[in-house]
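Asks: This is what each chain is made of:
There are 2 protein chains.
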Amino acid sequence: MSSKFLAVILAGGSGTRFWPMSRKARPKQLLSLIGDEPIITSTVKRLDGLIAPQDVWVVCGEPLVEPTSDVLNPIGVDKYVVEPYARNTAPAIMLSAVTLARANPDATLVFLPSDHHVADPSAFRACLERASEVAKDGYIVTLGIEPTRPETGYGYIKRSAEALKHGARVDRFVEKPDETTAQAYLDEGGYFWNAGIFVTTADTLLQEFARQYPDQAAAVNAVLTVPDKELEVAIHTAFEAVPATSIDYAIMENAQKVAVVPASCGWSDVGHWAALHDVMEVDADNNVTKGQVVATRTRDCVLFNLCSDRILAAADVEGMVVVQCDDATLVLPLDKAQSVRDVVDALKSTNLNVFL
Amino acid sequence: MSSKFLAVILAGGSGTRFWPMSRKARPKQLLSLIGDEPIITSTVKRLDGLIAPQDVWVVCGEPLVEPTSDVLNPIGVDKYVVEPYARNTAPAIMLSAVTLARANPDATLVFLPSDHHVADPSAFRACLERASEVAKDGYIVTLGIEPTRPETGYGYIKRSAEALKHGARVDRFVEKPDETTAQAYLDEGGYFWNAGIFVTTADTLLQEFARQYPDQAAAVNAVLTVPDKELEVAIHTAFEAVPATSIDYAIMENAQKVAVVPASCGWSDVGHWAALHDVMEVDADNNVTKGQVVATRTRDCVLFNLCSDRILAAADVEGMVVVQCDDATLVLPLDKAQSVRDVVDALKSTNLNVFL
Numbered sequence: 017m018s019s020k021f022l023a024v025i026l027a028g029g030s031g032t033r034f035w036p037m038s039r040k041a042r043p044k045q046l047l048s049l050i051g052d053e054p055i056i057t058s059t060v061k062r063l064d065g066l067i068a069p070q071d072v073w074v075v076c077g078e079p080l081v082e083p084t085s086d087v088l089n090p091i092g093v094d095k096y097v098v099e100p101y102a103r104n105t106a107p108a109i110m111l112s113a114v115t116l117a118r119a120n121p122d123a124t125l126v127f128l129p130s131d132h133h134v135a136d137p138s139a140f141r142a143c144l145e146r147a148s149e150v151a152k153d154g155y156i157v158t159l160g161i162e163p164t165r166p167e168t169g170y171g172y173i174k175r176s177a178e179a180l181k182h183g184a185r186v187d188r189f190v191e192k193p194d195e196t197t198a199q200a201y202l203d204e205g206g207y208f209w210n211a212g213i214f215v216t217t218a219d220t221l222l223q224e225f226a227r228q229y230p231d232q233a234a235a236v237n238a239v240l241t242v243p244d245k246e247l248e249v250a251i252h253t254a255f256e257a258v259p260a261t262s263i264d265y266a267i268m269e270n271a272q273k274v275a276v277v278p279a280s281c282g283w284s285d286v287g288h289w290a291a292l293h294d295v296m297e298v299d300a301d302n303n304v305t306k307g308q309v310v311a312t313r314t315r316d317c318v319l320f321n322l323c324s325d326r327i328l329a330a331a332d333v334e335g336m337v338v339v340q341c342d343d344a345t346l347v348l349p350l351d352k353a354q355s356v357r358d359v360v361d362a363l364k365s366t367n368l369n370v371f372l
Numbered sequence: 017m018s019s020k021f022l023a024v025i026l027a028g029g030s031g032t033r034f035w036p037m038s039r040k041a042r043p044k045q046l047l048s049l050i051g052d053e054p055i056i057t058s059t060v061k062r063l064d065g066l067i068a069p070q071d072v073w074v075v076c077g078e079p080l081v082e083p084t085s086d087v088l089n090p091i092g093v094d095k096y097v098v099e100p101y102a103r104n105t106a107p108a109i110m111l112s113a114v115t116l117a118r119a120n121p122d123a124t125l126v127f128l129p130s131d132h133h134v135a136d137p138s139a140f141r142a143c144l145e146r147a148s149e150v151a152k153d154g155y156i157v158t159l160g161i162e163p164t165r166p167e168t169g170y171g172y173i174k175r176s177a178e179a180l181k182h183g184a185r186v187d188r189f190v191e192k193p194d195e196t197t198a199q200a201y202l203d204e205g206g207y208f209w210n211a212g213i214f215v216t217t218a219d220t221l222l223q224e225f226a227r228q229y230p231d232q233a234a235a236v237n238a239v240l241t242v243p244d245k246e247l248e249v250a251i252h253t254a255f256e257a258v259p260a261t262s263i264d265y266a267i268m269e270n271a272q273k274v275a276v277v278p279a280s281c282g283w284s285d286v287g288h289w290a291a292l293h294d295v296m297e298v299d300a301d302n303n304v305t306k307g308q309v310v311a312t313r314t315r316d317c318v319l320f321n322l323c324s325d326r327i328l329a330a331a332d333v334e335g336m337v338v339v340q341c342d343d344a345t346l347v348l349p350l351d352k353a354q355s356v357r358d359v360v361d362a363l364k365s366t367n368l369n370v371f372l
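From first to last, the protein sequence lines stand for chains A and B. Note that my numbering has the first sequence beginning at 17, numbered continuously upward. Note that my numbering has the second sequence beginning at 17, numbered continuously upward.
Keep in mind the hints are simulated off the structure, nothing from the lab. For every residue, glycine included, the Cβ atom is placed at its ideal position computed from N, Cα and C. One or more of the hints may lead you astray.
FRET-style restraints, in silico, Cβ to Cβ [unchecked claim]: (1) B/Asp343 x A/Ser48: 57 to 65 Å; (2) B/Asp343 x A/Leu368: 49 to 57 Å; (3) B/Gly205 x A/Leu368: 23 to 31 Å; (4) A/Ile91 x B/Arg313: 39 to 47 Å; (5) A/His252 x B/Asp299: 47 to 55 Å; (6) A/Ala260 x B/Asp342: 41 to 49 Å; (7) B/Arg315 x A/Val249: 54 to 62 Å; (8) A/Lys20 x B/Asp342: 49 to 57 Å; (9) A/Ala260 x B/Arg315: 36 to 44 Å; (10) B/Ile91 x A/Gly51: 50 to 58 Å; (11) A/Arg227 x B/Asp299: 41 to 49 Å; (12) B/Asn302 x A/Lys364: 20 to 28 Å; (13) B/Asp361 x A/Ala362: 46 to 54 Å; (14) A/Asn367 x B/Arg313: 20 to 28 Å.
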């Protein structure tokens with residue numbers, strides 16, 4: 017029995033960590049942030065060879081379907097699971113699982129964020145392939161990124177001593193640690209970064225959901241079997257039956273069979289402006305630049321000029337992020353790249369929210 | 017014999033120290049840099065009460081006559097001495113002196129840069145008035161700014177022990193000192209900053225020129241007496257007869273009767289972006305801002321947004337200058353504000369000189 021391998025790209029996020037380049041209607045995954053193509057395009061392309069574009073589904077809210085289609089239609093992706101509204105990842109994922117399983121009951125599914133970077137797509141595909149083999153034994157299989165530094169920005173996955181065909185059973189998931197704890201994880205070994213990428217069969221996921229949420233299972237499973245004319249209502253009911261929380265918290269942490277397959281593929285979640293330093297080419301002064309930039313004695317910066325008819329100039333600047341786009345310019349220190357959130361909050365609380 | 021008091025505003029500079037706000041065709045003096053009016057407008061207005069706008073002359077090159085007129089005509093300034101070409105301050109000043117003396121042979125003249133800031137105009141006028149009294153005794157009278165810090169960016173004037181009715185005779189002019197020397201000047205006392213502002217009669221200036229440059233005097237003095245139809249040629253000849261150097265070097269340093277009148281009037285030459293911190297109002301976080309700016313945990317910055325339809329945002333930024341204008345954004349540290357010159361040089365040497 018060969019099960020079909022399908023991808024679900026989680027593209028509902030409207031993150032603000034790349035403001036002012038990212039906007040409500042133009043979230044990070046739709047931006048040509050790293051190379052010359054939108055990140056979501058790279059996300060689809062790196063699956064090709066393992067999962068073809070016609071086997072890729074995108075889950076997002078209604079407002080993002082059109083801008084996402086504009087980007088993905090040209091490369092052959094045209095299947096969408098539309099979230100009725102934003103309700104965290106567990107509802108989005110369960111809705112996708114049950115929707116895809118309706119047509120492909122024995123499908124193996126990979127769920128993956130739309131806005132990550134992978135330097136070595138071939139290693140990434142090999143890793144997914146190994147994960148899919150483990151998934152056939154009834155596991156929910158997370159990709160575990162080999163940590164390279166005591167990162168406090170990610171959750172961790174601790175493997176157990178029980179090895180599987182590939183990887184191992186998961187001992188536990190741990191929340192974002194402080195720096196001491198993160199260093200201890202690194203020293204101890206057996207800890208992986210949780211990239212939010214996992215492989216499982218639709219069947220495993222639905223069974224695990226039914227086991228953990230017996231009262232909600234019927235509502236979710238109904239999508240599998242209702243006649244087409246009742247589908248819309250069934251989808252809405254299923255969506256709301258799933259706790260409005262993350263898939264990790266809702267399912268993974270208490271699932272019976274969870275595995276981790278280690279991945280060394282140059283992964284980055286490109287979580288903020290400073291992360292571009294890790295994934296983009298730097299110049300001789302360790303600057304990442306884009307567009308028309310004049311930099312004098314300037315080091316360790318991210319300098320993004322997104323306006324072809326303007327110039328961005330820096331002199332004697334060190335360790336800063338500067339982003340110039342059509343209607344806004346942002347300046348912040350590289351080591352405080354998260355502070356963009358405070359800027360966004362400040363804009364929200366004023367009459368300047370047109371700039372969001 | 018009451019001599020008329022006339023002003024000559026030196027407005028030929030096309031400095032680049034306020035790039036990207038200042039441009040070749042829009043030099044600093046024409047910018048509303050500090051308040052809501054161009055600096056040259058403030059320069060004229062602060063004379064009023066002592067010298068009326070119709071007694072103010074402007075000396076600049078042909079390309080700046082029109083943009084300067086646009087700014088000054090509305091306040092009643094309409095007299096220009098046009099430099100044939102840029103040839104440093106001595107030719108510009110001697111040409112102005114002889115041109116004004118042609119119509120006003122016994123005039124007392126104040127020469128002053130167009131782009132300085134004075135916090136206390138009333139004290140400034142009082143100072144000019146004292147200087148004009150000393151000037152009537154045949155002195156070239158410089159304004160000596162009481163130094164408030166060991167500034168290395170200005171030349172200094174050392175007073176002699178010989179007191180005059182106001183101020184004192186000058187002992188010597190000294191070039192921009194290093195920091196140790198500047199501190200010694202401050203400790204010793206009797207040293208003043210040379211603001212490049214001086215008062216003298218046309219007669220004194222022309223006699224001193226004739227004494228120091230006997231061979232060139234006839235060419236300069238010819239402007240006083242030639243018939244109108246020969247004036248244009250005479251002006252050009254006079255202009256080229258004056259050494260192409262600064263007035264300090266050409267005349268002051270070797271003049272027989274030079275005086276200094278101390279001035280405490282909140283003077284600043286506003287020589288670079290960082291100087292705005294000294295002359296503009298700061299907010300609670302010691303930032304100088306202009307335009308639509310959102311600043312979070314940001315201190316000791318100059319944040320200029322000159323675009324009404326855009327936003328400038330900063331988070332966790334300290335001690336930086338950020339200037340956003342139509343076609344360019346500049347970022348540099350406050351304590352390296354002079355580095356703007358290197359940016360301008362970099363633009364000059366590339367195909368980006370359209371941004372100058």
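Asks: Hint by hint, say whether it matches the structure.
Replies: Verification of the hints:
1. For the pair B/Asp343 and A/Ser48, the supplied restraint of 57 to 65 Å is violated, since their beta-carbon distance comes to about 23 Å.
2. Taking the beta carbon of each, B/Asp343 and A/Leu368 are about 23 Å apart, not inside 49 to 57 Å as hinted.
3. Checking the proposed 23 to 31 Å range against B/Gly205 and A/Leu368 shows it is violated: the Cβ atoms sit about 52 Å from each other.
4. For the pair A/Ile91 and B/Arg313, the supplied restraint of 39 to 47 Å holds, since their beta-carbon distance comes to about 42 Å.
5. The supplied range of 47 to 55 Å is met by A/His252 and B/Asp299, whose beta-carbon atoms lie about 50 Å from each other.
6. At about 46 Å, the CB distance of A/Ala260 to B/Asp342 agrees with the hint of 41 to 49 Å.
7. Taking the beta carbon of each, B/Arg315 and A/Val249 are about 56 Å apart, inside 54 to 62 Å as hinted.
8. Separated by about 55 Å at the C-beta atoms, A/Lys20 and B/Asp342 satisfy the suggested range of 49 to 57 Å.
9. Between A/Ala260 and B/Arg315 the Cβ separation comes to about 40 Å, which falls inside the hinted range of 36 to 44 Å.
10. Here the CB-CB span from B/Ile91 to A/Gly51 is close to 55 Å, well matched to the stated 50 to 58 Å.
11. Between A/Arg227 and B/Asp299 the beta carbon distance is about 58 Å. The supplied range of 41 to 49 Å is therefore violated.
12. At about 26 Å, the CB distance of B/Asn302 to A/Lys364 agrees with the hint of 20 to 28 Å.
13. Between B/Asp361 and A/Ala362 the CB atoms are about 36 Å apart, so this pair departs from the stated range of 46 to 54 Å.
14. Here the CB-CB span from A/Asn367 to B/Arg313 is close to 21 Å, well matched to the stated 20 to 28 Å.
The structure shown violates the earlier hints numbered 1, 2, 3, 11 and 13.
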